[in-house]
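4 protein chains.
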Amino acid sequence: MTDSSINRVVLAYSGGLDTSVILKWLQQTYNCEVVTFTADLGQGEELEPARKKAEMAGVKPEHIFIDDLREEFVKDYVYPMMRANALYEGLYLLGTSIARPLIAKRQIEIARQVNADAVSHGATGKGNDQVRFELGYYALAPDIKVIAPWREWDLTSRTKLIEFAEAHQIPVSKDKRGEAPFSTDANLLHTSSEGKVLEDPWDEVPDYVYSRTVNPEDAPDTPEVITIDFERGDAVAVNGEGLSPASLLAKLNDLGRAHGIGRLDLVENRFVGMKSRGMYETPGGTILHLAHRGIEQITLDRGAAHLKDELMPRYAELLYNGFWFSPEREMLQAAIDHSQAKVTGTVRLKLYKGSVIVTGRKSPHSLYSEKVVTFEDDQGAYDQRDAAGFIKLNALRLRLLGRRDA
Amino acid sequence: MTDSSINRVVLAYSGGLDTSVILKWLQQTYNCEVVTFTADLGQGEELEPARKKAEMAGVKPEHIFIDDLREEFVKDYVYPMMRANALYEGLYLLGTSIARPLIAKRQIEIARQVNADAVSHGATGKGNDQVRFELGYYALAPDIKVIAPWREWDLTSRTKLIEFAEAHQIPVSKDKRGEAPFSTDANLLHTSSEGKVLEDPWDEVPDYVYSRTVNPEDAPDTPEVITIDFERGDAVAVNGEGLSPASLLAKLNDLGRAHGIGRLDLVENRFVGMKSRGMYETPGGTILHLAHRGIEQITLDRGAAHLKDELMPRYAELLYNGFWFSPEREMLQAAIDHSQAKVTGTVRLKLYKGSVIVTGRKSPHSLYSEKVVTFEDDQGAYDQRDAAGFIKLNALRLRLLGRRDA
Amino acid sequence: MTDSSINRVVLAYSGGLDTSVILKWLQQTYNCEVVTFTADLGQGEELEPARKKAEMAGVKPEHIFIDDLREEFVKDYVYPMMRANALYEGLYLLGTSIARPLIAKRQIEIARQVNADAVSHGATGKGNDQVRFELGYYALAPDIKVIAPWREWDLTSRTKLIEFAEAHQIPVSKDKRGEAPFSTDANLLHTSSEGKVLEDPWDEVPDYVYSRTVNPEDAPDTPEVITIDFERGDAVAVNGEGLSPASLLAKLNDLGRAHGIGRLDLVENRFVGMKSRGMYETPGGTILHLAHRGIEQITLDRGAAHLKDELMPRYAELLYNGFWFSPEREMLQAAIDHSQAKVTGTVRLKLYKGSVIVTGRKSPHSLYSEKVVTFEDDQGAYDQRDAAGFIKLNALRLRLLGRRDA
Amino acid sequence: MTDSSINRVVLAYSGGLDTSVILKWLQQTYNCEVVTFTADLGQGEELEPARKKAEMAGVKPEHIFIDDLREEFVKDYVYPMMRANALYEGLYLLGTSIARPLIAKRQIEIARQVNADAVSHGATGKGNDQVRFELGYYALAPDIKVIAPWREWDLTSRTKLIEFAEAHQIPVSKDKRGEAPFSTDANLLHTSSEGKVLEDPWDEVPDYVYSRTVNPEDAPDTPEVITIDFERGDAVAVNGEGLSPASLLAKLNDLGRAHGIGRLDLVENRFVGMKSRGMYETPGGTILHLAHRGIEQITLDRGAAHLKDELMPRYAELLYNGFWFSPEREMLQAAIDHSQAKVTGTVRLKLYKGSVIVTGRKSPHSLYSEKVVTFEDDQGAYDQRDAAGFIKLNALRLRLLGRRDA
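Chains as they are written, first to last, in UniProt numbering: chain F, 1 to 406; chain G, 1 to 406; chain V, 1 to 406; chain A, 1 to 406.
By construction, these hints were calculated from the structure, which means they are not laboratory data.
Careful: at least some of the hints might be erroneous.
Note that the list lumps identical chains together, so a pair holds whenever it fits in one copy or between two copies.
[To be verified] Heads up, simulated BS3-like pairs for lysine-lysine below, C-alpha to C-alpha not over 30 Å straight-line: (1) Lys24 / Lys174; (2) Lys60 / Lys24; (3) Lys251 / Lys350; (4) Lys371 / Lys251; (5) Lys371 / Lys160; (6) Lys350 / Lys371; (7) Lys362 / Lys196.
Next up, chain F with everything else stripped away, as it sits in the complex (with noise of 0.2 Å):
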C-alpha cells in the first residue's frame, strides 16, 4: 500500500545498519528523495560517519543535515520534565521518552525547509517510540505523511536485513553480523537496554549490558559530597561552578558514573499494550532528580507541591506515551512552571556506591522557620492551643459519623 504520491522525506538517520537499511528502502520503495536528520543528543556517537554514509548512499549535500541538539534538549525538554519531579510507574526517569518529541520537532521543520511531504523513522511497531515520533509529527503538521518501514516491509529478521543491506553495498560491521543480545538507546539522559537477553524479567540483568555507570562494588570506597544549585526550579550550577543545561548534565553524568548511580531494572507498561523489561542508566538524571526534590523541600508550600505530587503521575504518563505536544501536556507544564518562582538555592547531596543521598539544602527563599518548628521556645511564633481547635474541627464530621454508625 505504497504511496506513490511521496517526493520527499526526512529520516531520522542515526547513521547505524538499521536506518542505512531504511535509507535505501524508502529510495528504492518509494522512488523517493530521502533526506537525512541525525541529531546529537549526547548519545555519545561521533555524526560525521552518518554524512559520508548519506552521501554514499547518494543523498544530496544540501539534504544531510546533522544538529548538535544537547543544549536544546536539556533546557526545554529535560529541565521541565525535572521541574515535575517526573517518574514513570514511581521509578522511571523517562530518558528516551523525552527525546523524542524534539527528534520529531526537528524533522518537521526540515521537512518544511527542504519541501517534504514525508517523514520517516527507525522505531518498530512493537515499541513506544513509533508512537512519540509520530503523535509529534502529526500534532507539529498535521498533513504531513508518515513511513514506519517497521510496520511495513519484509525484513522482519535480521538475516533478511543483512541480506537486503550486503545486496545494496551498505557497509555491515562485524559485531553487527550476529545477534546482537540487547538493544540500546542512549542519549545525554540516559542509555536504555531492552531485549533479548533482558526478555526474562527473573534474569538478572548481565553486567555487560551496563554501559553508562561503573558497577557500584567497583565505585570509590570514598563518599563524594557535591552541590548542586538551583535557579528557578532548574539547576544552574555543579560545586559552585555555574554550568549550561547540558554541561551541567554531562558533569552529574560523569559524577553518577564514577559511583554507580541510577541503574534501574524494570517491567513497565507500555502505550501500546504489552509489558516489557527494560535497563535504564541514568546517571546524573537520578542526581538531579532527588537534588530538585530536596530543594523544593524548602521553597515550596505544602498546598504547591501536593498539587505537584498529585499531577504528576499523569504528567509522567503523557511523556511516556508520547502526548508532549498535546494541550493537556501544556495546561500541567502551565501549572508546575508557576509553581517554580522561588525554587531557588543550593543542595548538598552525598554520592557512594550507587546511592545518592540528599545531605542538607537552604535557600534564600526558604518557607522552613526554625523559629516556628523548633522545640525550644518558640516566643509566641505558634500558640499550641491553636491546635486543639484544628483538630477538633477537622474532627467534626468524623465525630458526626461515629455517632451515626455506632
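Let chain F serve as the given structure and place chains G, V and A on it in line with the hints.
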C-alpha cells in the same frame, strides 16, 4: 479550663519521663484515676519497667495494660499501606503515621472496657501525632474527652518538667537531666529523629543520630541477595522461609540494618502548617516497598497500576494527616485491595551499602508475555500493523488541533 | 483479508435492515454459520420479528437467542453507574455506553454455549460503540475473533446496502429506502440521536428528533411532586411503591417523559478522536441522577463525597471509552460501592416543564445535624472558639509564604 | 483575651445591625479607632446609608471607605472561576465563596493605606466565611491581627445584641427586632439563604425565601432564546451587544430572574466540618456556566477538556474552603487559563420556566469537523480501518489479563 467531670482517663504510657510526668499531672489536675496503656509496637524497649512505674504512681494493677501489638501492627496497618506503595511527599514511608491509629484504637477499646470517660497522650502541640491520635479517638468514640497535656499545662520547659518530676518522686535518669540533642520515635517499621541538632536543614545529620542502620560505609563489602515471596500483595516469606508479618518485617529490618538501608533525611510539610526536618530509618520497610513495586510490575495490569499511582499521593496524605479511620481512606483501600488479588510471586533483591535494587521477579500470575514483547519473531502474537491505526486515532484530535492552530 | 477458519459467529442482531444485511454478508463472506442474539434492553421494539427474519435468513432455530435483559441491565450496569454520579464531560448520562458491555458479555456467553469462534456487531468504524463492544469481547474472551463488517466490507453507501438487501431477499421497509434524517440508539435508560440533520452544532435540534419526552412547552402546567426511596445507594421505590430496578426506571421514564425532562444537546469528544454532536433523552435517568445526589447530600461524609467527585470524571471516561470490564473500573467501583452503605433514605423532587429539582431529603442515617448547624443556641454542640485555632493552623503555611514573598 | 495593642482596625462594614454593633463593640472593647469598608459587589443595596451610620458611630470621614467593586469582582473573580466550570459538590456555583477573597484583599489594602494593625469581619464562628476572610487576610498580610467578634463576645443571642444596640444608640429597624426567618448573603452573582426555616432539609424552601428569581411557574409561557459571545473563555456579549463583565452578568441576571433560572436547594459540607442546608439563586451565573460548557464543547480539545473536568472538583473545593490566595489555586488557574486561548465563539441558549439549555454553538476556532464525523462519505478524512488497530492495541492488556485470569 480543666474539666472537673473526668473520672477516669486512659493514658498512652511509654514509661518514660514525659508520660510519667503526665500520669502524675493528670491525677493531680483532674483528680481522676489514670489507666495506663503501653503498647509493644516493636520499638525495642522493655515494657515491664512501665508496669512498675505505673504501679509506683498509684495506678491499680488492673488498670495497667501492656499489649504486644506487633503482629496486628504489621498485618493490619503496615501491610495495607505497603499495598498502596505509599510515600509521603515522594520519599517518606510513613513509619510514625501508621502506628498512631492502632494506639488510638486500642486506647478506645480499653476506655470502653474500664469505663473511662477520657483519653490522653504525650504528643506536643506542634506536631502531627496529636492530630493522628485525636482524630482516631474521635472517629472511634465521638464523645470521648481528650486531654492533651502539652497543650494545656505550664510545664513548657525541660527545667520545669524535671522540677515537677523531682517534686513528685518520678525518677529522672541522668541522661534526661541534660537536654537530649534530638527526640525519637520508634516502632517495628522505623525510627524517626527530629529537633535540636537536626533543626538546620543545611546541617548534615550527625552520625550519632542513627540507631537502626549501620553507616553504608561500614556495611559489608559484598552484596547480599535475598528473595521475598508475596501473596495477594502481602509479603509472606524471605529467602523462602515463611514468616508472620511481624517476624518478616523484623527479618528485613535485620537485613536492612546490616547493609545500611533506608536512611532518609527529609524536610516535610506537617499537617499543622509548618515545615520540619526529620531523619528516618526504615530498613525493612524500604526493602518491602521496592519489592512490592517489583512484584506488581509483572502481576498488575497497566490500568490498575496507573490508577494506583494516581491515588497514592492522596492516600499517603490521608495517613500522614491522621485520617486512617475515615471513609475516604477506606474507599481508597477498597480500590487498592481490589487490585491485589493476583499480586503473588517472588522478587529477588540485592542489598549493598545503603542501596537495594530489584534484580528479578517471577509469578504464576505474570502478565509479562515474552511471546508478545520479543524482538524475535512472535508468530502472530502481535500484529505490528495494528500500531498504525492505534497511532492514527490517538493522533486524530492532535491533528484537528494542529490544523486549527496552524 | 477474511479469515477462512471461522465456522460460527454470534451476531448482535436487532432485526433491522443493517444487521440483516450483515447476517447475510457474514454467511456469504465467511461461509459460516451465523448465530443471532437479540437483546431486550428496553429499546421499546418488539423482538419476535427478529426471530422470523433470522429464520428466513437460514439461522437454525436453536441458534436464535432472544433475551430480556432489562432487569440485569438496570441492576448491574445502570445502578452501579448511578452510584458514581457519572456524567461524561459534565453533562452526559452515558446511556449508550452502559448498554454495550452487557450485550458483549451475553454474546460471549452464547459464543461459548454454541461453540462459536467469532462474534460480530453492526457498529460503524467511526463511533465509540465498536470500541465498547470489542473491548468487552476481548476482555471476556481474549482469543475470540471479531468481525466488524462496517470496517471490512464495501457496502459503504446506503444505495449499495439496499442493493445488497434486495439482491438477497432482505425486506427493505419504505422508510429505509430514503436516507433517514438521523440515526438513533435506544434502551431503557435513554434514546440517542445523531448524524445528518444534527451534524451542524449550531443548528437547533428539530422537534421531530425527540421521541422519548414531550416538549417542555407542552408539558403539564402544574408541577408534579414525587419521592424516591434509596437503599444502600440504589433506588428501590417511587412514591412509596417498591419496584424492581427495571420497573422503577420505567416508572421514572414515564414521569420524565410527561414533564419533558432529560433532553440534552451535546457536542462530545469520541474516544476515536473526533467531536460529534448528539441529542440525548434520558428522562428517568436524569431524575435518578439528581435524586441520588440529593440522598448522598445528607448521608455521605464530606471526605467520601469529595473523593467520589474527584474520581467521577475518570470513571465516566472509562465507561464512555468502553473499559467497563477493566481492572481500573472495578477498582473505582469498589471504592464507590464502599461509600454507599448508608446511602438510604427518601428524596422528594419536583418535575416541571423540563426541569427536575430536589425539594427535600431525609434519612435514618442522616449526617445532617440541626443541633450543630443551628443559628440558635446549640447548647455546646460546637464551640465557635475552635474555629480560631482551625483557621490559624490552616493559615500558617500561607502566612509563612506571605512573609517570604512580601 | 482582647489585645490591648490594637490601635486601628478595618472592619468589613455593611451598615446593617450586626456590623453596626460590631463597630461599636470594637471601639469599646479594644479602645481603638475603627475604619469602615463597605463594598458594592452588586448586592443591590444602597451604600450611602452606611456612610451616615459610620459617621454617627464616630468614624472619621477619611476612615470611611465605600468602593464599587462590581467590575473587579466579575472580571477577576467570577470569570476565572467560570473558566474552570467550577461546581462545589456537583451543583453549587460558589457565589458566596468567590466574593470573600476580594473583600479581604481590599480590606488589607485599606489597612496598609491607613496604617491599621487589625481587620475585622461579621462572619459567625460556625460558617465558612470566617475562614475565607481570614485565610485571605493572613495570606496577604501575614502579621495582621484579626478580630472575629462572633467568636469572642458574649452577645450570643439576638436579644443581647439588640439590647447592646439600644444601649448604644444603634438604630434597630422594626423587622430586625423579631427573629428573621432566615439569613441571606447577596452579590452580583447570587443570593444565598440559610438558617431557621431552612434548617430541616426535608422541608421545602418556602416561596418567600426566594428574592432573585420568579417562581418558574410564574415565568413566561414562551421560551426566550439568547446568544452569548465568548472571547478566550470569557463572556463578552449578550444577544450581540458587547458588555463589560459586570454589566453582562447583570443582564444575564435579569434574563434569568424573569425565567426562574438558577434556584438550588442544597445540603452541603462546610469546611468547618458540619453539613448545612442552603438555598441559592444564581440566575445569570447558571446561564453563564452552561454557556461556557457549550462553547468549550467545540473549541476545547478532549485532552484539555478531560483534564479540566478532573481538576475541577479540587479547584471548587479550594474556592469553597477559602484558599483563593494559595499557590495551588493559582497553579490550577494557570493550567485552566492556558486552555482558554481559543475558547471563542457564540452559544445560543433557550430560557424557559426554570431551565436553560444550549441549542447551538459556533466558533471561528471550532474543532468540530463535519467532514470527519459525517455519516456520509468523508472522502478519506478518516480511515475506518484505523479503528481496528486502535481497538486491538487498546485491548491488548485486557486480553493478556483475560488469558491469565481465565
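Results of checking the hints against the structure:
no.: 1; hint: Lys24 / Lys174; in the structure: within (20 Å within a copy, 58 Å between copies)
no.: 2; hint: Lys60 / Lys24; in the structure: within (14 Å within a copy, 57 Å between copies)
no.: 3; hint: Lys251 / Lys350; in the structure: both (15 Å within a copy, 28 Å between copies)
no.: 4; hint: Lys371 / Lys251; in the structure: neither (37 Å within a copy, 40 Å between copies)
no.: 5; hint: Lys371 / Lys160; in the structure: between (72 Å within a copy, 21 Å between copies)
no.: 6; hint: Lys350 / Lys371; in the structure: within (28 Å within a copy, 42 Å between copies)
no.: 7; hint: Lys362 / Lys196; in the structure: between (46 Å within a copy, 17 Å between copies)
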